[in-house]
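K.L.:
Build the full structure now, drawing on both the sequences and the hints.
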Amino acid sequence: MNNLQIKAGDNYLASINTLTKLFITLFFSIFIVFMKDEKALIFLFVASCLYVLPMKKFKAMLIGYAMILLMFISSIGFSYLLGLFAKRYGLKEDFVMLIPFLRVGFMINLTLALTLSSGIRKLINVLKTLRFPRTIFLPTIVIFRFLPSFINDVKQIHESIKIKIGSFNILTMISKPRLFIRLMIIPSVIRALKAAEDLSAAAELKGISGINKITNSNPEHWSLKDVLAFIILSTVVCFAIILNRGEI
Amino acid sequence: MQNKKFYWETRELVVIGTFAALIKIVSFLVAITGGGMNPIAMVAKNIVATALLIILVFNVRKFGVLSLYVLISGMISILTMGRGLMLLPGILIAGFFCDCLIKICGGYKSSFAVLAGVALFDICYRVISLSLGYLFMRENPQLLYFAFITVGIGYIGCLIGLFTGNIFTKELRHAGIIKE
Chain U
1 MNNLQIKAGD NYLASINTLT KLFITLFFSI FIVFMKDEKA LIFLFVASCL
51 YVLPMKKFKA MLIGYAMILL MFISSIGFSY LLGLFAKRYG LKEDFVMLIP
101 FLRVGFMINL TLALTLSSGI RKLINVLKTL RFPRTIFLPT IVIFRFLPSF
151 INDVKQIHES IKIKIGSFNI LTMISKPRLF IRLMIIPSVI RALKAAEDLS
201 AAAELKGISG INKITNSNPE HWSLKDVLAF IILSTVVCFA IILNRGEI
Chain B
1 MQNKKFYWET RELVVIGTFA ALIKIVSFLV AITGGGMNPI AMVAKNIVAT
51 ALLIILVFNV RKFGVLSLYV LISGMISILT MGRGLMLLPG ILIAGFFCDC
101 LIKICGGYKS SFAVLAGVAL FDICYRVISL SLGYLFMREN PQLLYFAFIT
151 VGIGYIGCLI GLFTGNIFTK ELRHAGIIKE
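If you read the protein sequences in the order shown, they are chains U and B. So for the first sequence, the working numbering puts the first residue at 1; every next one is plus one. So for the second sequence, the working numbering puts the first residue at 1; every next one is plus one.
Hints in this document: simulated from the structure, not taken from any laboratory. Heads up, the beta-carbon is just placed ideally off N, CA and C, and yes, glycines get one too. Treat the hints loosely; a few may be bogus.
[Said to hold, decoys possible] To be clear about the criterion: a stretch of chain U counts as covered by chain B if any three or more of its residues have a C-beta under 8 Å from a C-beta of chain B, and this derived list gives those stretches:
id, segment
1, 28-38
2, 45-55
3, 138-148
[To be verified] Derived pair list, reagent style SDA-like, types lysine to any residue, alpha-carbon separation capped at 20 Å:
id, chain 1, residue 1, chain 2, residue 2
4, B, K24, U, S149
5, B, K170, U, F239
6, U, K194, B, A175
7, U, K176, B, L29
8, U, K206, U, T111
9, U, K36, B, Y134
10, U, K225, U, K36
11, B, K179, U, A201
12, B, K24, U, I186
13, B, K24, U, L183
14, U, K155, B, K24
15, B, K62, U, E197
16, B, K62, U, L98
17, U, K36, U, F239
18, U, K59, U, T111
19, B, K170, U, K225
20, U, K155, U, L193
21, B, K24, B, M86
22, U, K194, U, N152
23, B, K24, U, A229
24, U, K162, B, L29
25, U, K164, U, K176
26, U, K162, U, F132
27, B, K24, U, T115
28, U, K176, B, K5
29, B, K5, U, K36
30, B, K179, U, I186
31, U, K56, U, L183
32, U, K155, U, F144
33, U, K176, B, M86
34, B, K170, U, N244
35, B, K62, B, L132
36, B, K24, U, F150
37, U, K194, U, V154
38, U, K36, B, L144
39, U, K128, B, M86
40, U, K194, B, H174
P.N.:
As structure tokens, then:
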């Protein structure tokens with residue numbers, strides 16, 4: 001986990017307020033749906049690459065892009081197969097695959113920038129102090145807290161399966177469904193229920209059960225960089241709208 | 001100092017958060033183990049997801065549990081992929097209607113009501129997802145026919161998951177992990 005954390009000051013993204021980054025991600029998640037011009041999407045994708053590049057998390061970026069590329073290649077294969085069916089049923093057979101993938105790539109860049117530059121602790125602190133009702137912020141915090149420990153549990157469950165039956169694949173899942181449920185699903189459920197008990201006790205003891213008002217122990221301050229980020233955001237949005245309308 | 005009484009207890013909120021994460025991770029793991037997008041892996045993934053949702057509803061027997069689960073799960077999707085924001089209003093309404101259905105059909109203590117509510121929720125979720133999928137892939141509307149078949153196969157898994165979840169819950173009750 002240590003290599004995922006970036007100290008503030010390492011790059012401009014780490015020094016921008018987490019709320020600003022959260023707003024940028026949420027705003028573009030809606031905005032991107034309305035973009036349908038290839039040029040506008042390529043522009044946004046390049047802008048998002050420039051946004052995430054200074055983090056120097058090239059490995060995470062490459063994994064993300066490799067996944068997109070893999071999806072892109074498989075979708076080209078599937079679109080070829082669908083094209084054969086489409087021809088038979090008289091449907092349109094020219095599939096436009098680049099646009100949906102530019103949308104996904106753009107969102108991956110923004111999500112990487114948010115999660116890798118802020119880290120779990122800052123995100124939790126922001127969620128705690130956003131004045132959400134306790135019915136929303138408590139389960140959301142739990143998810144962030146539960147994930148790392150559950151990933152460890154899954155590793156342990158996987159190891160125990162290896163010891164008991166060797167390798168575990170789709171054939172085992174089909175041929176021995178009861179074994180699959182007994183060895184993988186039930187331990188996960190029991191572990192999750194136990195973790196829920198522990199976490200609820202911890203939440204009440206730490207005073208984050210919503211009864212007391214919470215203050216951020218490590219508040220992030222607004223700076224000129226946040227203002228600059230909003231100005232750049234507005235410029236990018238305007239330019240993308242112009243490109244999308246086909247005015248350039 | 002007297003503690004304020006809330007409709008949702010801390011334990012219930014934590015269980016909802018935990019299960020929202022669990023459903024996402026376990027479905028992903030099953031899909032990966034199954035080799036990605038193939039009919040068997042899709043059915044298996046939906047069996048597991050629905051079974052876990054049934055356990056969650058039986059564990060937190062309160063009006064609004066489905067709506068709250070949808071809200072939390074949607075928020076996580078928004079933070080990770082952004083797509084959930086468009087999906088959220090629709091499935092939130094669907095969750096609320098299914099909560100009402102459970103309440104009308106006999107409440108959260110009735111197995112039939114819970115199974116009917118979750119079954120309807122799974123249908124609504126898929127219909128809304130397909131509509132949003134159309135919005136995202138509107139350049140290729142013909143893909144929707146194939147998406148419809150894929151979603152249909154996945155729903156078979158949901159139907160099996162309803163009964164699997166019911167059996168799981170009975171076993172967990174016997175073990176004393178889920179309280180009556």
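K.L.:
The structure should be examined with respect to each hint, and the outcome stated for every one.
P.N.:
Hint check:
1. Counting residues of the segment 28-38 of chain U whose beta carbon lies closer than 8 Å to any beta carbon of chain B gives 6, which reaches the threshold of three, so the coverage claim holds.
2. With a cut-off of 8 Å between beta carbons, the segment 45-55 of chain U has 0 residues touching chain B; three or more are needed, and the interface restraint is violated.
3. As drawn, the segment 138-148 of chain U meets chain B at 8 residues by the rule of a beta-carbon pair under 8 Å; at three or more, the given contact holds.
4. At roughly 15 Å between alpha-carbon atoms, B:K24 and U:S149 fall within 20 Å of each other, so this suggested pair holds.
5. For the given pair, B:K170 sits about 58 Å from U:F239 by alpha-carbon distance, which is inconsistent with the 20 Å threshold.
6. With a CA separation close to 13 Å, the supplied pair U:K194 and B:A175 stays within the 20 Å bound.
7. For the proposed pair U:K176 and B:L29, the alpha carbon gap of about 17 Å is at most 20 Å, so the pair holds.
8. Between the alpha carbons of U:K206 and U:T111 the distance comes to roughly 29 Å, so the proposed pair goes past 20 Å and is violated.
9. For a cut-off of 20 Å, the pair hint linking U:K36 to B:Y134 stands: about 13 Å separates their Cα positions.
10. Annotation: proposed proximity of U:K225 to U:K36 is violated, straight-line Cα distance about 30 Å (limit 20 Å).
11. Of the supplied pair hints, the one linking B:K179 and U:A201 holds, its CA atoms being roughly 17 Å apart against a limit of 20 Å.
12. In summary, the hint linking B:K24 to U:I186 is supported, as the alpha carbons are separated by about 16 Å, within the 20 Å threshold.
13. A hinted pair counts as satisfied when its Cα atoms are at most 20 Å apart, and B:K24 with U:L183 qualifies at roughly 19 Å.
14. For the hint linking U:K155 to B:K24, the alpha-carbon distance of about 16 Å falls within 20 Å, and the restraint holds.
15. Restraint check for B:K62 and U:E197: the C-alpha separation of about 18 Å stays at or below 20 Å, so the hint holds.
16. For the proposed pair B:K62 and U:L98, the alpha carbon gap of about 45 Å is over 20 Å, so the pair is violated.
17. As the CA atoms of U:K36 and U:F239 are separated by approximately 14 Å, the hinted pair is consistent with the 20 Å bound.
18. With a CA separation close to 15 Å, the supplied pair U:K59 and U:T111 stays within the 20 Å bound.
19. Distance restraint check for B:K170 and U:K225: the Cα-Cα separation of roughly 56 Å exceeds the 20 Å cut-off, and the hinted pair is therefore not satisfied.
20. In summary, the hint linking U:K155 to U:L193 is supported, as the alpha carbons are separated by about 17 Å, within the 20 Å threshold.
21. Proposed proximity of B:K24 and B:M86 is supported: the alpha carbons are some 18 Å apart, at most 20 Å.
22. For a cut-off of 20 Å, the pair hint linking U:K194 to U:N152 stands: about 14 Å separates their Cα positions.
23. Simply put, B:K24 and U:A229 have alpha-carbon atoms about 32 Å apart, too far for the 20 Å limit, and the pair is violated.
24. Taken as a hint, the U:K162 and B:L29 pair is honoured in the structure, with Cα atoms around 16 Å apart against an allowance of 20 Å.
25. Straight-line distance between C-alpha atoms of U:K164 and U:K176 comes to about 13 Å, which keeps the hinted pair within the 20 Å bound.
26. As the CA atoms of U:K162 and U:F132 are separated by approximately 43 Å, the hinted pair breaks the 20 Å bound.
27. The suggested pairing of B:K24 with U:T115 holds, with an alpha-carbon distance near 18 Å, which does not exceed 20 Å.
28. Of the pairs offered as hints, the one joining U:K176 and B:K5 is violated, with about 47 Å between alpha carbons and a cut-off of 20 Å exceeded.
29. With a CA separation close to 49 Å, the supplied pair B:K5 and U:K36 exceeds the 20 Å bound.
30. The suggested pairing of B:K179 with U:I186 holds, with an alpha-carbon distance near 17 Å, which does not exceed 20 Å.
31. The suggested pairing of U:K56 with U:L183 is violated, with an alpha-carbon distance near 40 Å, which exceeds 20 Å.
32. Between U:K155 and U:F144 the CA atoms are separated by roughly 18 Å; this keeps the pair inside 20 Å, and the hint holds.
33. At roughly 39 Å between alpha-carbon atoms, U:K176 and B:M86 are farther apart than 20 Å, so this suggested pair is violated.
34. For the hint linking B:K170 to U:N244, the alpha-carbon distance of about 55 Å lies beyond 20 Å, and the restraint is violated.
35. Taking the CA atoms of B:K62 and B:L132, the gap is about 30 Å. The hint is violated against a cut of 20 Å.
36. For the suggested pair B:K24 and U:F150, the alpha carbons sit about 12 Å apart, so the restraint of at most 20 Å is met.
37. For the suggested pair U:K194 and U:V154, the alpha carbons sit about 14 Å apart, so the restraint of at most 20 Å is met.
38. Our distance criterion of 20 Å between C-alpha atoms is met by U:K36 and B:L144, whose separation comes to about 18 Å.
39. A hinted pair counts as satisfied when its Cα atoms are at most 20 Å apart, and U:K128 with B:M86 does not qualify at roughly 24 Å.
40. Taken as a hint, the U:K194 and B:H174 pair is honoured in the structure, with Cα atoms around 16 Å apart against an allowance of 20 Å.
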